[in-house]
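Visitor: Chains as they are written, first to last, in the numbering used here: chain R, 290 to 636; chain B, 232 to 637.
The hints are simulated quantities; they were obtained by calculation from the structure and are not laboratory data.
Errors might be hidden in some of the hints.
Covered, in the sense of this in silico footprint (three residues per stretch, anywhere, with C-beta under 8 Å from a C-beta of chain B), are these stretches of chain R [said to hold, decoys possible]:
| id | stretch |
| --- | --- |
| 1 | 373-382 |
| 2 | 446-454 |
| 3 | 549-558 |
Ideal Cβ placement from N, Cα and C applies to all residues, glycine included.
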Amino acid sequence: MLKGRLGNLAYQLGALLLSFGVVSLILLAVGASPMEAFRNMFNGSFGSMRKFAEVLVAFVPLLLVTAGLLVTFAAGLWNIGVEGQVVLGAIATTWVYRFFLDSSLPPALVILLAILGGMLGGALWAALAGLLKVFGGVNEIFGGLGLNFVATALTIYLIFGPWKRPGVASMSGTVPFPDEFSLPLLTDLRISPWALALALMGIVFVYFLLQGTYFGLRLKAVGKNFRAAYLLGIPTWQYSMYSFLICGALAGAAGAIQVAAVYHRLIPSISSGYGYLGLMVAMLINYQAVWAVPVALFFAALNIGSIQLPILMKLDSSLAGVLQGVLVLFVLLGEGVRQKFGGRANS
Amino acid sequence: MRKTLLQVALLLVVLSLALSACQPAVTQAPAPTAAPTEEPFTFGMLLVGPYNDNGWSQAHYEAGLYVEEKLGAKMIYLDKVNPADRQGTTPDQLAEELVAQGAKLIIFNSDDMKDASTAFAKKHPDIKVIMASGDQVWKDGKAYEEIPNLTNIMGRMEYGKMIAGCAAALTTKTGQIGYLGPLINDETRRLASSAYLGAKHCWEKAGNDPAKLQFKVTWIGFWFHIPGVTTDPVQVSNDFYTTGYDVVISGIDNPVNLTEAQKQTAEGKPSYGIAYDYVAACDAAPDVCLGVPYFNWGPDYAKAVKSAMDGTWQSQFVWSGPDWSDINSRDTSMVGFVKGKALSAEASTALDAFIAELAGGLNLWTGPLNLQDGTPYLADGEVATDQQVWYLPQLLEGMEGLSASE
Numbered sequence: 290m291l292k293g294r295l296g297n298l299a300y301q302l303g304a305l306l307l308s309f310g311v312v313s314l315i316l317l318a319v320g321a322s323p324m325e326a327f328r329n330m331f332n333g334s335f336g337s338m339r340k341f342a343e344v345l346v347a348f349v350p351l352l353l354v355t356a357g358l359l360v361t362f363a364a365g366l367w368n369i370g371v372e373g374q375v376v377l378g379a380i381a382t383t384w385v386y387r388f389f390l391d392s393s394l395p396p397a398l399v400i401l402l403a404i405l406g407g408m409l410g411g412a413l414w415a416a417l418a419g420l421l422k423v424f425g426g427v428n429e430i431f432g433g434l435g436l437n438f439v440a441t442a443l444t445i446y447l448i449f450g451p452w453k454r455p456g457v458a459s460m461s462g463t464v465p466f467p468d469e470f471s472l473p474l475l476t477d478l479r480i481s482p483w484a485l486a487l488a489l490m491g492i493v494f495v496y497f498l499l500q501g502t503y504f505g506l507r508l509k510a511v512g513k514n515f516r517a518a519y520l521l522g523i524p525t526w527q528y529s530m531y532s533f534l535i536c537g538a539l540a541g542a543a544g545a546i547q548v549a550a551v552y553h554r555l556i557p558s559i560s561s562g563y564g565y566l567g568l569m570v571a572m573l574i575n576y577q578a579v580w581a582v583p584v585a586l587f588f589a590a591l592n593i594g595s596i597q598l599p600i601l602m603k604l605d606s607s608l609a610g611v612l613q614g615v616l617v618l619f620v621l622l623g624e625g626v627r628q629k630f631g632g633r634a635n636s
Numbered sequence: 232m233r234k235t236l237l238q239v240a241l242l243l244v245v246l247s248l249a250l251s252a253c254q255p256a257v258t259q260a261p262a263p264t265a266a267p268t269e270e271p272f273t274f275g276m277l278l279v280g281p282y283n284d285n286g287w288s289q290a291h292y293e294a295g296l297y298v299e300e301k302l303g304a305k306m307i308y309l310d311k312v313n314p315a316d317r318q319g320t321t322p323d324q325l326a327e328e329l330v331a332q333g334a335k336l337i338i339f340n341s342d343d344m345k346d347a348s349t350a351f352a353k354k355h356p357d358i359k360v361i362m363a364s365g366d367q368v369w370k371d372g373k374a375y376e377e378i379p380n381l382t383n384i385m386g387r388m389e390y391g392k393m394i395a396g397c398a399a400a401l402t403t404k405t406g407q408i409g410y411l412g413p414l415i416n417d418e419t420r421r422l423a424s425s426a427y428l429g430a431k432h433c434w435e436k437a438g439n440d441p442a443k444l445q446f447k448v449t450w451i452g453f454w455f456h457i458p459g460v461t462t463d464p465v466q467v468s469n470d471f472y473t474t475g476y477d478v479v480i481s482g483i484d485n486p487v488n489l490t491e492a493q494k495q496t497a498e499g500k501p502s503y504g505i506a507y508d509y510v511a512a513c514d515a516a517p518d519v520c521l522g523v524p525y526f527n528w529g530p531d532y533a534k535a536v537k538s539a540m541d542g543t544w545q546s547q548f549v550w551s552g553p554d555w556s557d558i559n560s561r562d563t564s565m566v567g568f569v570k571g572k573a574l575s576a577e578a579s580t581a582l583d584a585f586i587a588e589l590a591g592g593l594n595l596w597t598g599p600l601n602l603q604d605g606t607p608y609l610a611d612g613e614v615a616t617d618q619q620v621w622y623l624p625q626l627l628e629g630m631e632g633l634s635a636s637e
C-alpha cells in the first residue's frame with residue numbers, strides 16, 4: 290500500500306518535472322531563459338504578502354469548484370457543466386443583491402442571502418444537467434456543455450438587457466454594487482478571509498462526506514459500478530442527483546464569491562474559467578480530496594505569477610495555461626503507462 | 232520490472248528534491264538587479280487590447296514610447312487588460328503589479344477601466360493616475376469626483392470623425408455609409424454622430440439629394456471582438472458591404488473592416504473602409520483605405536508625466552482638439568487625419584477644403600438638430616456646449632441604428 294502510494298507520488302512528480310521541461314524547451318525556442326521565467330512566476334505569486342493574497346483570490350473559487358467536482362467524479366459523472374454552474378451562482382447572487390439594493394436590511398444579512406442565493410442558483414443549474422442525464426438520457430458531458438453556453442448567453446442578455454447600465458450597452462458589466470455589499474476584505478489586500486474560510490470549509494466537508502460517511506460510500510459505489518449499486522438496492526439516480534446538487538452548490542458559491550468579493554458586479558466572463566481549471570485540478574489529483582488544497586494553490590499561483598511574464602520578459606501569460614495543460618496530460622499519460630506496464634508486472 | 236520501476240520513481244524523487252534544493256538560490260537572484268545607479272522616472276500603462284492592435288492600444292503604446300524619448304522616462308506596460316484575456320484579474324490589481332515594478336504613474340487606457348481607475352487612485356493617493364477617455368474629474372461633468380491624483384485625457388475626435396464622415400460621403404456611389412460601432416455609451420454615440428454630421432455636410436455640399444444619404448450604425452458590444460461574447464465585426468462589415476453600403480467607417484479598436492473591403496473589392500465589388508485610432512492603421516489594407524482619423528496621445532501624456540516628474544501635477548480634465556495649423560503634427564496635435572491611397576484626387580481636394588472650413592471655425596454641432604426619436608436637441612443656430620456633445624443622449628435624427636440597448 291505504502292509502496293503503491295509512493296510510486297503514485299513519484300509518477301506525479303515525474304510528470305511535474307517533465308512539464309517544466311517541456312515549457313523550458315518552449316521558452317528556449319523563443320529565446321527566453323526558463324529559469325528567469327520560473328523565478329519571475331514564483332516571485333509574482335509568493336514574492337510579497339499582496340501577491341500571495343492575489344493568489345488566494347484565485348485559489349478560493351478554484352478550490353470550491355474542485356471540491357464540488359470531487360463529489361460528481363465520485364459518483365462517476367463528468368460534470369463539464371460546472372463552468373455554467375459558477376456563472377449561474379454569480380447571476381443568482383447579483384439578482385439577490387439587486388433585489389435588496391434599496392432595502393433597509395443590514396448589509397451583512399444581504400451578503401449572506403446573496404451567497405446562499407448563489408449556491409442555490411448553481412445547484413439548480415446543476416440539477417438541470419442531472420435531470421437531462423437521469424430522465425432525458427443526455428450524457429452529462431454534452432448536457433453540461435450546452436448549459437454552459439446557455440449560461441454565458443444568459444449573462445450577456447442580462448448585462449445588455451434588463452441589468453444594463455443606464456444609457457450604456459457594453460460588455461463591461463453591470464453597475465458596481467456599493468462597498469457595503471462587499472465581503473469584508475483584509476486591510477490593503479483584496480482577499481476576504483470569509484471567502485477563504487468558505488472554500489476551506491467546502492473541501493473539508495467534501496473530504497468527510499466522501500471518506501467518512503455512509504452517503505459517501507454509497508455514492509462511490511454508484512460511481513464504481515452503477516448497475517451493481519442498483520442491484521444492491523442503492524437508489525442510484527437519486528444519488529446522481531444529490532451529487533449534482535452538491536457540486537452545483539459549491540460551484541455556485543464560487544460564482545457568488547466572484548461577485549461578492551472580487552468583481553462586485555456581474556461581468557460576461559464572471560466564471561474566469563475556474564470551472565474548466567477545476568476539472569484539470571480534479572483530474573491531476575486523481576480525485577483525492579487531500580491533494581486539492583496544494584494543487585489548487587499551485588494552479589492559482591501559476592495564474593497569478595504568469596502576470597509577471599509580459600511585464601518583465603515580454604512573454605505571453607498564456608504560458609501558465611500551457612504548463613497547466615501539459616502537466617495534466619503528463620499525469621494522465623503517466624497513469625496510463627503505469628496501468629499498462631505497472632499492472633502487468635504486478636500480476 | 233517492478234524493481235526498475237521503483238528505481239525510476241526514486242530517481243524522479245531525488246531529481247525533484249534537487250530541484251527544490253535549488254529554490255533558495257533562485258529566489259535570491261533578483262537582488263543585484265534591483266539597484267541601478269540612477270533610476271529614471273517609471274510610468275506604467277494598462278492597455279485594453281494588444282500593444283500592436285493597429286488601433287486604439289497601439290496608439291497609446293507608441294505615445295508611451297514618445298514620452299520615453301522626450302522625457303527620458305521609462306515605460307512598463309501590460310496589454311490585453313480585459314476580463315476575457317486576463318481572467319480572474321481586475322485592472323486595479325494589475326496596476327498594483329506595475330507599481331510593484333516601480334511605476335509612479337499609471338495610465339489606464341480604456342473606458343472599460345474607469346471604475347477600476349477610480350478605485351485604484353483612491354487607494355493609492357501617492358501614485359498619479361491618467362484615465363484616458365474618462366470624465367471623473369471634469370468639474371462640469373456629470374460624474375465629477377474630487378480625486379487629486381487623477382487626470383482625464385481625451386482627444387476631440389469629433390473633428391476626426393467629421394473628416395472621416397466627409398471622406399465617406401465624397402466616395403460612396405450608393406449613398407449608403409455603414410458605421411462599425413463598438414459598445415454604446417456617451418463617447419461612441421457622439422463619435423458616430425460626428426461622422427454622420429461630417430457625411431451629411433459633404434454629401435449635401437456636393438449637391439446630392441439629402442434624402443438619398445443612408446447612415447447606419449451597427450454595434451458589436453465591445454471595443455473589439457471577443458468570440459462568443461460580442462457580435463463578429465468581420466460579419467458586420469460583410470453584411471454592410473453585401474447590402475449596398477460601399478463605405479464602412481470603423482469605430483472599434485482595430486480596422487477589421489478594411490480587410491473585408493479588400494476582399495469585396497477583389498471579388499469585383501469596389502468597397503472602401505475608414506480605419507480609426509492609430510496613425511498607420513491604413514497599412515492593413517492600403518488599397519481600399521480612404522483614411523484614418525487618429526489619436527496622438529504623446530504630447531498630452533508627455534505634459535502630464537512631466538508635471539508628475541517635476542512636482543507640478545494637478546488633477547485636470549483635458550479634452551484636446553487638433554492643432555489646426557497642422558493637424559498631423561506629432562508634437563502639437565492630439566487629433567489628426569491621414570488620407571488613404573483609395574481616396575480619389577477629387578475627393579482629396581474637397582476633403583482639404585472641408586478641413587480648412589473646420590479650421591476656420593465651422594461647427595457642425597449647431598442647430599437645428601434633433602435627436603434620433605425627433606426630440607429637439609439644438610434650436611436653430613444654437614451651438615452645442617461641451618456637455619451637450621460629451622453626454623449626447625441618443626444618436627441624431629437621420630441615423631439608423633440603436634441609440635441605447637434594447
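Visitor: At a Cβ distance under 8 Å, does chain B reach at least three residues of the stretch 373-382 of chain R?
Guide: violated (count 0)
Visitor: Holds or violated: the stretch 549-558 of chain R covered by chain B, criterion of 3 or more residues with Cβ-Cβ distance under 8 Å?
Guide: holds (count 5)
Visitor: Mind taking a look at whether chain B covers the stretch 446-454 of chain R? Criterion is 3 or more residues with CB to CB distance under 8 Å.
Guide: holds (count 3)
When each numbered hint is compared with the structure, a violation occurs for hint 1 only.
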